[in-house]
Structures are given as structure tokens and as C-alpha cells.
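Engineer: Here is what each chain is made of, one letter per residue.
2 protein chains.
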Amino acid sequence: MKEKGLLIVLSGPSGVGKGTVRKAIFSKGGTKFEYSISMTTRKPREGEVDGVDYFFKSKEEFEALIKQDKLLEYAEYVGNYYGTPIDYVKETLDSGKDVFLEIEVQGAKQVREKFPDGLFIFLAPPSLSELQTRITTRGTESDDLINNRMKEARKEIELMRLYDYVVENDQVEAACERINAIVQAEHCRTERVAPRYIKMLEVE
Amino acid sequence: MKEKGLLIVLSGPSGVGKGTVRKAIFSKGGTKFEYSISMTTRKPREGEVDGVDYFFKSKEEFEALIKQDKLLEYAEYVGNYYGTPIDYVKETLDSGKDVFLEIEVQGAKQVREKFPDGLFIFLAPPSLSELQTRITTRGTESDDLINNRMKEARKEIELMRLYDYVVENDQVEAACERINAIVQAEHCRTERVAPRYIKMLEVE
Numbered sequence: 001m002k003e004k005g006l007l008i009v010l011s012g013p014s015g016v017g018k019g020t021v022r023k024a025i026f027s028k029g030g031t032k033f034e035y036s037i038s039m040t041t042r043k044p045r046e047g048e049v050d051g052v053d054y055f056f057k058s059k060e061e062f063e064a065l066i067k068q069d070k071l072l073e074y075a076e077y078v079g080n081y082y083g084t085p086i087d088y089v090k091e092t093l094d095s096g097k098d099v100f101l102e103i104e105v106q107g108a109k110q111v112r113e114k115f116p117d118g119l120f121i122f123l124a125p126p127s128l129s130e131l132q133t134r135i136t137t138r139g140t141e142s143d144d145l146i147n148n149r150m151k152e153a154r155k156e157i158e159l160m161r162l163y164d165y166v167v168e169n170d171q172v173e174a175a176c177e178r179i180n181a182i183v184q185a186e187h188c189r190t191e192r193v194a195p196r197y198i199k200m201l202e203v204e
Numbered sequence: 001m002k003e004k005g006l007l008i009v010l011s012g013p014s015g016v017g018k019g020t021v022r023k024a025i026f027s028k029g030g031t032k033f034e035y036s037i038s039m040t041t042r043k044p045r046e047g048e049v050d051g052v053d054y055f056f057k058s059k060e061e062f063e064a065l066i067k068q069d070k071l072l073e074y075a076e077y078v079g080n081y082y083g084t085p086i087d088y089v090k091e092t093l094d095s096g097k098d099v100f101l102e103i104e105v106q107g108a109k110q111v112r113e114k115f116p117d118g119l120f121i122f123l124a125p126p127s128l129s130e131l132q133t134r135i136t137t138r139g140t141e142s143d144d145l146i147n148n149r150m151k152e153a154r155k156e157i158e159l160m161r162l163y164d165y166v167v168e169n170d171q172v173e174a175a176c177e178r179i180n181a182i183v184q185a186e187h188c189r190t191e192r193v194a195p196r197y198i199k200m201l202e203v204e
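Top to bottom, those sequences are chains A and B.
So for the first sequence, our numbering puts the first residue at 1; every next one is plus one.
So for the second sequence, our numbering puts the first residue at 1; every next one is plus one.
Next comes chain A alone, as it looks inside the complex:
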């Protein structure tokens, strides 16, 4: 009878503030989803705690996990691995709790392949919607600068299409509120709710 939890993936271009938004979401009590802690081979920074900020592993340990297919997604940045241990995610979802991942866009693509019915949220920079003002006031900025921004914006919009929802990170509080609303709404979607009722009748 137990319904599976939702896999919630927050991603977006680097520098958009994913980490800040994620921390704000979990800093409040009453959050109904579980944060999946990432694994990394980079050294802990001052104040970082193993099992809280990251699971810190050696390169050998990490590569062994890759070989055993124990990572839901992983990527290499600046010589270090970052990834999401799959067991925790699966066990938590099976127990009926929602799991929240905050990961890079390449990672989100890998997760989409394994969990096509996850909830994918793209965090968009406010600069994207400010673009119009910049275009219409282009007299004040060079054409090269505008064109570069347009090119970047096009790339971001292409990326966005792989996600179910787009949340603009104009203000951290507002972004958190939208993300919470999205999760709440998703639990009310007919394709998630109706099977629960149908199962109930089959119990007969």
C-alpha cells in the first residue's frame, strides 16, 4: 500500500545559486523531503563534516563504486569526482519519502535516464528574464556583449527543456517557496494519485 517517494532534482547552470537555495530549503524545519548527500574525492574544506556536507572518499574508493554501478550519477571537475550514491536514494524512495538532489546539469541528465518520472527543476538565473530589458536598452551596451548574452541565453533555454519545471532564482525565499509548491502540487497529479485509489479497490 505504501506509495513510493518522489525523486526531486534541482539543477541549473553553474553559479546560479543551487547550493544556496538547497541550504535555504533544508534550513527550515518541516521540510518533508530527505537530502541526498553527495560523495566526493576532493579534500574537506575547513568546517566541512563527513556525512553532513559530503561523503569524503579516496579516488580508489570512488572508482570502485563506479565499477560496481553504485552511483546514480557522477562527474569529474577539476580533477575530483562528485557523485550521488544510489543505494540511499533507492532505499529512501522505497520507504515512501521524497529525496532531494542538488546536482550539476550533466548529472541531472544521467538521473533522467535512470528515473524518467523524477521531478526535474531547473533553477534559472534572473539575468535570463532581465535580458529583454537589456535588449531593448541596447544603446547602452555594446552589440558584442548583447550577442554573447543572447547566445548564452539560447543555450540555457535549450537546457531548460529537459526539465519539468523552471524556477527563477530572483530571490532565494521566493525560489524556495516555488520549489515547495511544485513538490506539493506534484503529489496531487492525477497520474500519481489515481493509481493509489485503484490499488485500494483491488485490495478487496
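Since the hints were made in silico from the structure, they are not lab data.
None of the values given here were measured: they were computed from a predicted structure.
Beta carbons are placed, not taken as given, at the ideal position from N, Cα and C, and that holds for glycine.
Some hints could be false.
Keeping only pairs whose Cα atoms sit at most 30 Å apart, straight-line, the calculated DSBU-like set for lysine-lysine is [as the list claims (entries may be wrong)]:
(1) B/4 <-> A/151
(2) B/23 <-> A/32
(3) A/23 <-> A/109
(4) A/4 <-> B/151
(5) A/97 <-> A/57
(6) A/32 <-> B/28
(7) B/90 <-> B/43
(8) A/28 <-> B/32
(9) A/23 <-> B/32
(10) A/28 <-> A/109
(11) B/155 <-> A/199
(12) A/155 <-> B/23
(13) B/23 <-> B/70
(14) B/109 <-> A/199
(15) A/109 <-> B/199
Okay, the calculated bits of chain B under chain A, using three or more residues with CB under 8 Å as the criterion [what the hints assert, rightly or not]:
(16) 100 to 108
(17) 157 to 164
(18) 182 to 196
Here the structure of chain A is known, so what remains is to put chain B in place on it, guided by the hints.
Structural biologist: Chain B alone, transformed into the frame defined by chain A:
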């Protein structure tokens, strides 16, 4: 550049409390959507105000509007017509505001045909999810009673499948909160947001 508003349709089986939930939603300030007042040929009850509770019309006026295709949906109950004037809905959506309809299930079907991308919310009676308890404790209730309830529940679940979301009316406040979350989330759906960004780039 102006984005069209969302058409929000709240419906569900009669007696589920649609009117109570709708009133609770609009009783609070800060609601961002406009309520579409229904039109009826029934006589105003004490305290009801024309243009607030309903638009009160004669049978002849109502039938003229039907002929002119000026109703988004309508139905007849106990010898009286009830319907939704289409002009207000279209003008409000065009102005970029969300419109909220609270209507019967037959009406919702008609609206779905004309506005397939509206947001359809099914208000479900809590009795539906209580069914399981009733089934498992069936010793205390007659088989006939249980079977009747199961039959009714099956019908309701069939109905529910025509909607995008299901909100259980277990508590009015909780139902309102879910409906507000659904509307907020829907505004963040990629298929609604991405075209806005794309349009922005085309302005170039």
C-alpha cells in the same frame, strides 16, 4: 509579450464541498486569480446579490445566450440553467490574469473541450481514501453497503482521470493550500515558461 492567464477549473462530485473551498480561497486577500461568476435562471435566495453570487437572468435571456454561443459551459438542474459567460473568461485570460471556475463535472467536461490546456482540479471526498479502512473493517458494515461504496468510488475514480490534479477535501484549509500550490507550480512548468523566454529572444 504579455502571457495569457491560466484557466483554473475546480470541480468534483456534488456534495464534496466545492463551494466551501472556493469561498475559502477567495475570502483571503492576496488571491492572484479572478473568480468567474456563474449565471443562473434560478431566483436569488435571501442575501444573494446579482453580480456577486450569480448573474441572475430570465430563462429567455439565458437561452438567447446559448444560441449566441456566449456560454463556455452550461447545464440544467431542477428546471434551472446554470452556466459560465464566456466573454469574461476570455477577456480576463487575455489580460494575463488567471481565471477560477467552480463548476459541476458535466460543465468541466465542456470546458476541457474548449480549453484543453486549462488546469483541471478534481476535489475528492475524503470518504474515498477512508474506503480502505472501511473495507478492512468490513465485519462492522454490511456487504451491500460496502459494495455500493465501492461502486461509487469506482465511478469517481473514472471521473478523476479527466483531471490534471486531485485534491482531497479532508480539511478546507489544507485543500486551499494545495490548490494554491498547484496554481503556483503550474506557472513554473517548462512548457509554459520556455516559450516566454524564446519569445524574448525573438524580439531581437
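Engineer: For each hint, tell me whether it holds in the structure or not.
Structural biologist: Here's how the hints hold up against the structure:
1. A threshold of 30 Å between alpha carbons decides the hint, and for residue 4 of chain B with residue 151 of chain A the separation of about 27 Å falls inside it, so the pair holds.
2. Distance restraint check for residue 23 of chain B and residue 32 of chain A: the Cα-Cα separation of roughly 29 Å lies within the 30 Å cut-off, and the hinted pair is therefore satisfied.
3. Our distance criterion of 30 Å between C-alpha atoms is met by residue 23 of chain A and residue 109 of chain A, whose separation comes to about 22 Å.
4. At most 30 Å may separate the alpha-carbon atoms for a hinted pair to count; residue 4 of chain A and residue 151 of chain B meet this at roughly 27 Å.
5. In summary, the hint linking residue 97 of chain A to residue 57 of chain A is supported, as the alpha carbons are separated by about 26 Å, within the 30 Å threshold.
6. At roughly 26 Å between alpha-carbon atoms, residue 32 of chain A and residue 28 of chain B fall within 30 Å of each other, so this suggested pair holds.
7. Only pairs whose Cα atoms come within 30 Å are accepted, and residue 90 of chain B paired with residue 43 of chain B is accepted, the gap being roughly 27 Å.
8. Distance restraint check for residue 28 of chain A and residue 32 of chain B: the Cα-Cα separation of roughly 26 Å lies within the 30 Å cut-off, and the hinted pair is therefore satisfied.
9. Of the supplied pair hints, the one linking residue 23 of chain A and residue 32 of chain B holds, its CA atoms being roughly 29 Å apart against a limit of 30 Å.
10. A threshold of 30 Å between alpha carbons decides the hint, and for residue 28 of chain A with residue 109 of chain A the separation of about 29 Å falls inside it, so the pair holds.
11. A threshold of 30 Å between alpha carbons decides the hint, and for residue 155 of chain B with residue 199 of chain A the separation of about 15 Å falls inside it, so the pair holds.
12. In summary, the hint linking residue 155 of chain A to residue 23 of chain B is not supported, as the alpha carbons are separated by about 44 Å, beyond the 30 Å threshold.
13. Distance restraint check for residue 23 of chain B and residue 70 of chain B: the Cα-Cα separation of roughly 25 Å lies within the 30 Å cut-off, and the hinted pair is therefore satisfied.
14. At most 30 Å may separate the alpha-carbon atoms for a hinted pair to count; residue 109 of chain B and residue 199 of chain A meet this at roughly 26 Å.
15. A distance of roughly 26 Å separates the Cα atoms of residue 109 of chain A and residue 199 of chain B; the hinted pair therefore holds under the 30 Å criterion.
16. Against chain A, the region 100 to 108 of chain B contributes 0 residues with a C-beta closer than 8 Å to a partner C-beta. That does not satisfy the three-residue criterion, and the hint is violated.
17. Residues of the region 157 to 164 of chain B lying with their CB closer than 8 Å to a CB of chain A number 5, which satisfies the three-residue condition for coverage.
18. Here's how the region 182 to 196 of chain B fares: 9 of its residues keep a CB closer than 8 Å to some CB of chain A, so the rule of at least three is met and the hint holds.
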